[in-house]
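Visitor: Sequence:
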Amino acid sequence: MKSTRITAPQIALAAGLMAALCPLAPARAAPDAAAQQEVARLEEAYSQSFVTGDVSIAQRLVAEDFVGCEPDGKTSDKAAILADVRSEPRATSLKITALTVRLHGDTAIALGSEEDAYAGATAPTHRRWLDTWRNTADGWRLVASAEVLVKP
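Residue 147 in the UniProt record's numbering sits at position 147 of the sequence shown; the count goes up by one each step and never skips.
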């Protein structure tokens, strides 16, 4: 059996080729901070539409094929969301208390917590939600949401 010996010049050549070709390898995409901030801004605007009753915000942000799961287990669609934004009584305040946005290609997952208050309520309501956003030709659109009530 013949043994193959690797020489110093061969090692140097291999190392040089690797160094030259490494920049051509696809790099792992760093999180797109601008897109994460945009989704966070849209979450805030969407949440505030339930306080202000500004249906135009929800009309623009909620996708036509939106699906949602409410805290009581019922499902909702875009029409139900728009009706909820229009409804009285509205929240008198709504504050996002935590928000994490993760990007996966043209999809963003937002996990958040909020505290809202209604006139005449003895205590604020605490919620946790998971929203799915899709980046479309028209911008980010909310395509799915699930929400639960949380005991304070």
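Treat the hints as calculated values from the structure; they're not laboratory data.
Just to be clear, a hint being listed does not mean it is correct.
As the list claims (entries may be wrong) - For lysine-lysine, the following DSS-like pairs were computed, each having C-alpha atoms within a straight-line distance of at most 25 Å:
| no. | residue 1 | residue 2 |
| --- | --- | --- |
| 1 | K151 | K74 |
| 2 | K74 | K95 |
| 3 | K151 | K95 |
| 4 | K78 | K95 |
Visitor: Now tell me, hint by hint, if it's right for this structure.
Guide: Here's how the hints hold up against the structure:
For a cut-off of 25 Å, the pair hint linking K151 to K74 stands: about 20 Å separates their Cα positions. For the proposed pair K74 and K95, the alpha carbon gap of about 24 Å is at most 25 Å, so the pair holds. Of the pairs offered as hints, the one joining K151 and K95 holds, with about 16 Å between alpha carbons and a cut-off of 25 Å not exceeded. Between the alpha carbons of K78 and K95 the distance comes to roughly 22 Å, so the proposed pair stays at or under 25 Å and holds.
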